[in-house]
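S.K.: Starting from two chains that each stand alone, build the complex the way the hints lay out.
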Amino acid sequence: MNEVCFKNIDKDQCWSLTTYEASGGYSVWRKILKGEYTPEQIINELKTSGLRGRGGAGFPTGLKWSFMPRNAEGQKYIVCNSDEGEPGTCKDRDILRFNPHAVIEGMAIGSFVMDATVGYNYIRGEFIEPFDRFEGALKEAYETGLLGKNINGSEVSFDLYAHLGAGAYICGEETALLESIEGKKGQPRFKPPFPANVGLFGKPTTINNTESFASVPDIMAHGGQWFADLGVENSGGTKLFSVSGHVANPANFEVSMGMPFKDLLELAGGMRHGAKLKAVIPGGSSTPVLTAEVAMNMTMDYDGIDKAGSMLGAGSVIVMDDSTCMVEALTRLAHFYYDESCGQCTPCREGTGWLYRVLKRIMDGKGKAEDIDLLMGVQEKIMGNTICALGDAAAMPVESFLRNFRDEFEYYIEHGKSMVKG
Amino acid sequence: MLEIEIDGQLVNAEPGEMVIAVTDREGISVPRFCYHKKLSISASCRMCLVDVEGAPKPQPACSTPVADGMKIHTQNDKAKASQKAVMEFLLINHPLDCPICDQGGECELQDVAVDYGSDVSRFSEGKRIIAPSDIGPLIQTDMTRCIHCTRCVRFGSEIAGIMEMGGTGRGEDLKIEPFLKEGITSELSGNMIDVCPVGALTSKPFRYELRSWQMNSINSIARHDLVGSNLYAQTYKGNVKRLASGDNDAVNETWISDRDRFSYEGLTHDNRLLAPQIKVAGQWKEVEWDVALDFAVKGLKNNILNSRNVQKLGGLASATATTEELHLLQKLLREMGCENLDYRLNIKDLDNAIHLQSNIKLADLEHIDQAIVIGSNIRLEQPMINHRLRKAQLAGAGITTLNVKEFDFNYKTNDIIVAPNEIANTLAGVLRVLVEKSAEEVPAYLLAVTPCAQAIDIASSLLNSDKTVLILGEHVVNNAQAASIANLITEIAKLSNSLTLNLTVTANALGAQRVNFVPNSTGMNVNEMLAAEMRAFVLLDVYPEYDFHHLDEALNTLLNNDVFVISLNGFKNDLVAQYSDVMLPMAAMYETSGTHVNINHEMQSFSAAVGAPGESKPAWKILKVLADLLELPGFHYENSTQVLSEVAHQMTPVHEYDTAINLDKSTVEVETIWTHSPYHTDALLRHATSLRASKIGQINTASINAATAKSLSLSDSDTYLGVPVDITETMADQCVFISSNQATNTGAL
Chain W
2 MNEVCFKNID
12 KDQCWSLTTY
22 EASGGYSVWR
32 KILKGEYTPE
42 QIINELKTSG
52 LRGRGGAGFP
62 TGLKWSFMPR
72 NAEGQKYIVC
82 NSDEGEPGTC
92 KDRDILRFNP
102 HAVIEGMAIG
112 SFVMDATVGY
122 NYIRGEFIEP
132 FDRFEGALKE
142 AYETGLLGKN
152 INGSEVSFDL
162 YAHLGAGAYI
172 CGEETALLES
182 IEGKKGQPRF
192 KPPFPANVGL
202 FGKPTTINNT
212 ESFASVPDIM
222 AHGGQWFADL
232 GVENSGGTKL
242 FSVSGHVANP
252 ANFEVSMGMP
262 FKDLLELAGG
272 MRHGAKLKAV
282 IPGGSSTPVL
292 TAEVAMNMTM
302 DYDGIDKAGS
312 MLGAGSVIVM
322 DDSTCMVEAL
332 TRLAHFYYDE
342 SCGQCTPCRE
352 GTGWLYRVLK
362 RIMDGKGKAE
372 DIDLLMGVQE
382 KIMGNTICAL
392 GDAAAMPVES
402 FLRNFRDEFE
412 YYIEHGKSMV
422 KG
Chain A
63 MLEIEIDGQL
73 VNAEPGEMVI
83 AVTDREGISV
93 PRFCYHKKLS
103 ISASCRMCLV
113 DVEGAPKPQP
123 ACSTPVADGM
133 KIHTQNDKAK
143 ASQKAVMEFL
153 LINHPLDCPI
163 CDQGGECELQ
173 DVAVDYGSDV
183 SRFSEGKRII
193 APSDIGPLIQ
203 TDMTRCIHCT
213 RCVRFGSEIA
223 GIMEMGGTGR
233 GEDLKIEPFL
243 KEGITSELSG
253 NMIDVCPVGA
263 LTSKPFRYEL
273 RSWQMNSINS
283 IARHDLVGSN
293 LYAQTYKGNV
303 KRLASGDNDA
313 VNETWISDRD
323 RFSYEGLTHD
333 NRLLAPQIKV
343 AGQWKEVEWD
353 VALDFAVKGL
363 KNNILNSRNV
373 QKLGGLASAT
383 ATTEELHLLQ
393 KLLREMGCEN
403 LDYRLNIKDL
413 DNAIHLQSNI
423 KLADLEHIDQ
433 AIVIGSNIRL
443 EQPMINHRLR
453 KAQLAGAGIT
463 TLNVKEFDFN
473 YKTNDIIVAP
483 NEIANTLAGV
493 LRVLVEKSAE
503 EVPAYLLAVT
513 PCAQAIDIAS
523 SLLNSDKTVL
533 ILGEHVVNNA
543 QAASIANLIT
553 EIAKLSNSLT
563 LNLTVTANAL
573 GAQRVNFVPN
583 STGMNVNEML
593 AAEMRAFVLL
603 DVYPEYDFHH
613 LDEALNTLLN
623 NDVFVISLNG
633 FKNDLVAQYS
643 DVMLPMAAMY
653 ETSGTHVNIN
663 HEMQSFSAAV
673 GAPGESKPAW
683 KILKVLADLL
693 ELPGFHYENS
703 TQVLSEVAHQ
713 MTPVHEYDTA
723 INLDKSTVEV
733 ETIWTHSPYH
743 TDALLRHATS
753 LRASKIGQIN
763 TASINAATAK
773 SLSLSDSDTY
783 LGVPVDITET
793 MADQCVFISS
803 NQATNTGAL
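Each protein sequence line maps, in turn, to chains W and A. Residue numbers for the first sequence follow our numbering, so the first one is 2 and each next one is one higher. Residue numbers for the second sequence follow our numbering, so the first one is 63 and each next one is one higher.
Excised from the complex, chain A in its bound form (with noise of 0.2 angstroms):
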């Protein structure tokens, strides 16, 4: 610990501190536009230049290493000098274009300039102007604001991993620009908006839509992934507006993905269900809450109740729900006696379905030594656990990669390539080797096994390091051998003392775990309820052609007459409408207050930012109400804070599962792998307009390799289960990827 001398007052600092770091920890204001705590540093806005006793120039605290005694003035007449000096010359080509800009009000430059700056310009001649640009739809340029702070060039190479944004030109024609005509394309794009202190990269979805002095600001949780990411929904008269990101360590540092950025737009989209709707001979009627109310109890009890046949009643909910919403239900089902609820409604086989659990902190996972990431494109589908890998490697982790097709990663990867059917095998001949070194006994199910040279090297570099983790991706979730393979990661966790990730379930699926929404032995699961005679269901917020594996079954069981549907939707939807007898319109996120269990087992709650649209209303009061009215006992809640102190403390319930490994190998020919494109995974996303008129919203490919295409007599202007085919030497043999922006198409799966 050093001393140090700030504008006459002793402070503390640790050796190799930079000064802004201790005046920013002491709360002494310096003024600073190019320095950013998540950003290596510049140094080149000059705008923190201090005096430095001794020194004969002033110093920028930016980069200037604390010393033992040293001392540092801030506001001296040399520091203000030279911060005065500086601010004048980032004013006299930037075009004070205040009223117009979007940044007006939240502005770094505009702040700082009412401490430091002038109120008469000197500068007489003609200011620099830059020729607009189309960057893509998420970030809107003005680069005729741009102060050159080279924030957003650094977040590019530093945390984006891809350099797109640069300085192109020389002194005064240095243009912060990207350097190809795509524009930006990143996944974490839209932290650029946040990191620029001007208003030269600004949200376009938002643009010249308010004043941020205007917007109310509400820490709220993004529910798209397991990640939970902190952020604040600004709000204006009831309507969310804009969402930036906020901070916490432990989850999102101070980033977050374009998919929780840019998310909300969806809110507003016409195809919101507005109204309750009841469907009387055949035709939607739009009716009051009460009507439709007591429609819904009216087909349960002439469905369920009167005859008591409540083993024919099902609960179906996705978990993009809330963990109140799913308790709410699980409750109200179990209370009449109905044990048949599920939430995973993707899953093929249930009996193989994957048992893994999460046990590394995602603050943790930068500091590993080495990861295997089986089955997953990581950077897309998990942008913010990706960031923390992507940390990891730049500091000497290994990664390996284990999958289907060789993706795009933006650090470097070890990437070994299997077809579906060999990835079981090849864990199988890693925990082969971990056994043997570990001198157990070698298991009967691996007797046949030989370990490939592959397995051979990711046994040697998990025994060979010291923090390791294995992560499993969605890519595998219905894969023939899914159990399997989730039981041999378990197991070489065990003998390699690896920590584990289990990606296979994403938005609130560990909230669902938690309310326990799966049958237990008495029930059904979601695939026994669409293969029995039921006669009636509840679905929450449930999107039939996105969310059933069994699309055909599903469909078939909904739209039987005898069978009658509730469905609580935030948007509308044409199956929904087609097999549904009530439809009840419910918030979606953002309007409602409730919790995320995230990925750290740690539950997130948020307020409702805004009111739910029209006459929709937070799904947890309509299961309340809906309780009440079917004379439940329990539901007597006055707010959802009351609904989670049930489940606050209770822990997850541990269910009996398989643990046993079968190597026999899938004899399907070509297997296929449907997976919804990152900007696909739920309602909200799939109505965010400017996200999905991005370049990876516009994914929607079917990567095969060109033996498998021509076994299939496919080429590169076919389409196969109506997605473009992709022919890429990066597949692995035998299988297809799909990664889409379409409805899933069932028929072949």
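The following block holds chain W by itself, in its conformation from the complex (with noise of 0.2 angstroms):
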């Protein structure tokens, strides 16, 4: 527990320069100075390590550095991705509160590998004391000659930005993301073009999230071999998971890949109270929701969950106990993909409002038999339809909830209540 990101989570003023070198920080980077790496290195390690991209989607990070044209002509940007939102989900907070240099750190190896001489960490909105912390180790790290251009004479620039975002869940995406740096309005581009040829300010451009950068750096020290033993075949090396929900321990772990649920269930203390677990959301609230039966039986890895029927994401695991009305949760959750779809394309901006008001209006004891076909409609006709994942984030859940726990909605549309609360 605790090997890559947290490695140093125990110690005094964890996310200062002194501690992060003390464990052997900056000792990739500096050896790049040295030109002790080519690129072709760093990514042939990345790609033995197994490490999939953290953000949520799980792309290898090794295959979507090769994918970049380092060779070509012009600026070349690389950005991290700490627009973290997903509700469930509060690793990436951490890991810019307690070992912000890693990110920096990973980040630089990155701009290296793909010659991208600037970079830009977006950080969420409302993370102020993470950004805070951000921008001290990139104090830190200019003063002492890390990064800047030609550091060191060596040939290797790289200026690194931190760039505040404003609040909106859409800027996670990463497009809108590049348009909200840009200065535009947060709204998902169309793909392709891919950032790789056509993304910040029309640059190549790779975009990674804050644990896959904050991972770089340990799988350089240590060898892509040693992170991928870490895990189990096909997810390499560790991972931080959120949990959250009715547990008695809420917290951020990091353990290796694999990890049966149950023990990591065991890791924050079990259920809150003695309860009986109900449901578990495993990777964030758009992947789909499980019963307990099917979650106990599930490792923590991107085949396991993918088996149990959901999605790793972003490792945000919310568990619920048997006091959760299943039908308030869904609605929940409705309202927050209503409210966050940036209203650009058709399917969610019409679709999330209308799953949301149909769930109210069970809620309010208005609900009518056939609304559980309609939500179901609504939600096949968002699916796969949308510019960006944020339709398919908002159809999915809807389509779980009512699959696992039909008999909840149909209890509430007919008796106007709910079947856990009454």
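Keep in mind that the hints are not guaranteed to be accurate.
For each label pair, taking beta carbons as the anchor points, the in silico distance ranges come out as [unchecked claim]:
hint : chain 1 : residue 1 : chain 2 : residue 2 : range
1    : W       : 156       : A       : 78        : 31 to 41 angstroms
2    : A       : 184       : W       : 226       : 51 to 61 angstroms
3    : W       : 412       : A       : 64        : 50 to 60 angstroms
4    : A       : 118       : W       : 407       : 24 to 34 angstroms
5    : W       : 416       : A       : 118       : 46 to 56 angstroms
6    : W       : 407       : A       : 230       : 36 to 46 angstroms
7    : W       : 261       : A       : 118       : 23 to 33 angstroms
8    : W       : 365       : A       : 184       : 13 to 23 angstroms
9    : W       : 365       : A       : 67        : 43 to 53 angstroms
10   : A       : 476       : W       : 60        : 20 to 30 angstroms
11   : W       : 407       : A       : 184       : 11 to 21 angstroms
12   : W       : 151       : A       : 67        : 49 to 59 angstroms
Just so you know, these hints were derived from the structure itself, not from any lab. Note that this is a predicted model, so its numbers are computed, not measured. For every residue, glycine included, the Cβ atom is placed at its ideal position computed from N, Cα and C.
M.R.: Structure below.
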């Protein structure tokens, strides 16, 4: 536990440059500055490590970096996505608070691989303390001569800027994030073209999640195989799981991929007040909800959660006990997506509001028997038809809640009140 | 060339093309709302989702580039399901108020809903409502109907070059609205009405008037400027009810200016002249046509023909007339032996008139690398030409302006601000640099010229660019060195291999030139006529207080009791009524067939969209009958096409002119440049009420810088020549620039 991103978390002033360097921090970056690495070596180590994008999509990081046209003329950019806004997710916040230098070093390594001499870390608007920590770390890195132009005469340049968002969930979508950095309204771009070709300010850009970047320095320091061995096949390394909900000790836990869910639940102190587990959303609010039975037999890795019928996502585990009204829970989630839709494309702009309003009506005791089919129909029509994944994210919980807990919805519609809460 | 398969049919496609461009070309119908061929891709409405084999999700045809061997299904279950899904979402919050919506019958949402919508709505929640807002006198909003396609937003930022419309708010609260309270002010704003697929943005003057299917749609040509934009005149029971843009990539692409779109309102203004009138004992009397024409003929005979003093007859016309009308008037005059005719009523000194050819095509303007714009607020004065320049600039061209005022352009310009009497000298500096580079001998008139830094810059920008154009605008028409400025430009063009564009004339001036509506050496030009002892005039579409530079002289001559004046006008005018003896009501724009010669030297013919109101007649018919009554030969026309056939193949006559360049500066202490504001350049525009009420229509300013204002003892609250003073540091020294919606006050000009 706590072997990569959180390895210094118990140390005094764990976010300081001194602490980071004492545990081997910036050794990889210093080697790069001395010319001891080639980009190809780094990409190969990353590929070996099995590191997959920690923001939710799980795309292999080494592969993503290899797509960047590093030899293309002109400016290229590297961007860190710290706009962590998915309900249930709070891991990147703690990485920024407790290990900001790992993010900086990870981005610096990436910048060298992709010849992107300018980087931005886009930090969620509400993350005031993490932003300050990151800014402090940046200052330390600059003052120590680790960043800047032609660093220590190495002919390697990397300038890194922190950019505070303004509180829109959609800016966590990578192309909306780019729009936001450019000073525009945060709305996703259609793809193709992909950011690797046309990204920030129209230039080739690589965007990775905070946890992905923070994992890179240790992967390079200890080797890709070391990292891969920490996890299981197809899910290399450790992963931060944000365990929240009805557990005794909600917190972020960095554990090896493949850990059984029941062990993770144990780490979180088990169910609060000894209540009975009812349901688990394993990867953040947009991933399908699982019943207790399925969850208790699941392992926490990409394939394990996939087999259980959901997704690892950003590793945001929302635990619900049997006091939870699933109609109410889904209504709350539907409201979130309704509120956060950017409004650009039709299915999401119109569909998220429709879903929420039907659920709200059911909650108000005015549900109709055909509403369940209607909800299923509407989510199906959003699914796959939108510019970005927010539409799918809004649709998926509806489908899984209705599939797994249909009886609760039917009860609510028929009786005008919650089956659980009365 | 690639080969792709669409709905089982093999078709060719260009690499980089989007699927929708191919389906459109092949006539395969793919529904869409946000896609517009002249705007950037948004891919946000999702209506054009199609099934691409191999892609897990349906793909928008508008933003999916073709790839060799790609297999696309536009109509299979997967594509249809997505299209129907989007249709349902678009309709849930749409008010479905088609019965009271002006777009009904020409609504893309309505059309697509017929194919993809459902009979019954499953949406039983409350619908979204957007409070009404007033964005100006031209565009009516009803944003509750908006489907957020953002065509209007993209039109603003990409074509109009000013992002007045934007999407505020998020999700369901996303509202398409102007950012600023003053609403939409762009000179191209009306195109938002055309691009809006629903009834959210409709024509305000047309509001609640008619259904689209009740109207006839007739191809026509706008004649307010040299572009001759192609458009549709939509008519009902003899009235033009609306104008909509037409497609012609060589002329106006698919856009028209607000000036062209909304001028039709003037056609039904109360001020139309509707019946022939004769003046008997100083009193106007409405009479039948035959009486009026007999009266006119008798007047001409008494004053001119019987006494054989045809040299005391003059014919003056406005350049807004059609080529046919101008041809017939010159033929009528010349058949009588009269060589006194002119259309250049606004020129102060015809010995100092501008002679400059236009030899660049409109469509080529957008491919130039460097333009020098001299004496023009081209954005407002020539909106469609400016649109082409803007495209060139966005593609990387350099645009340098040489003006007395720093105007507000909608693209990046390098503005050189000089006093009117410095323009010639600056250009002489440019020429001197070019002459020296060319190793030609420096002509005598350039020996004393020392090129200023800006002149050196202009010269090097011309030499360092491949395709260059020199554009001369209307502000130099009456410059003390106007002829020299034009001649300098001709010389600069020769040495820098540049093309030229002469915007000092407008409307159908090139048509007037084509039919030789200027006197030969034996005749008098307008200013000579006004100074001579005349006995009769035939005036075609002349409004003296706007058209004549020498208004006082003109009135002096025309008001003389011994002068018999026949006026053909579309609108009543007090001065015309004072000096005329007979007023013949003529058809206005869209009421007559005819031909306009545009800046490409193309003859664009149009038919009458509607009949002329009241007793008024097309001027070509009036002139034909007048000629018949005068027993002049060769006027046996049955239609205007026969008139045109006489000039269609005729080359524009070339007149000798003085090519000398005189660099002696004007000694006038404060030069005044008077221009009609953009929506007051002809009689129809001056009667178009909505245009007049718009922000551009309200322009009425005399711009002066602080130092000059001080020397004239003027403050912001004063008027200058009757025009409100605006003290601005964007002005050059020792000059006043007037853009006015009032009649010309020539007192001090």
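S.K.: Compare the structure with each hint and give your call.
M.R.: Hint-by-hint comparison with the structure:
For residue 156/W paired with residue 78/A, a C-beta distance near 37 angstroms keeps the hint of 31 to 41 angstroms intact. Restraint check, residue 184/A to residue 226/W: a C-beta distance of roughly 55 angstroms satisfies the suggested window 51 to 61 angstroms. For residue 412/W paired with residue 64/A, a C-beta distance near 57 angstroms keeps the hint of 50 to 60 angstroms intact. Checked against the given bound of 24 to 34 angstroms, the beta carbons of residue 118/A and residue 407/W, roughly 27 angstroms apart, stay inside it.
Between residue 416/W and residue 118/A the beta carbon distance is about 40 angstroms. The supplied range of 46 to 56 angstroms is therefore violated. Range check, residue 407/W to residue 230/A: about 40 angstroms between beta-carbon atoms, so the 36 to 46 angstroms window is met. The hint said 23 to 33 angstroms for the Cβ distance between residue 261/W and residue 118/A, and at roughly 31 angstroms that hint holds. The beta-carbon spacing between residue 365/W and residue 184/A, approximately 19 angstroms, falls within the hinted interval of 13 to 23 angstroms.
In this structure, residue 365/W and residue 67/A meet the distance hint of 43 to 53 angstroms, their C-beta atoms being roughly 51 angstroms apart. One distance hint, 20 to 30 angstroms for the beta-carbon pair residue 476/A and residue 60/W, is violated here, with the actual separation near 47 angstroms. For the pair residue 407/W and residue 184/A, the beta carbons lie near 19 angstroms from each other, so the given range of 11 to 21 angstroms is met. Evaluation of the 49 to 59 angstroms hint for residue 151/W and residue 67/A yields a pass: the beta carbon distance comes to about 53 angstroms.
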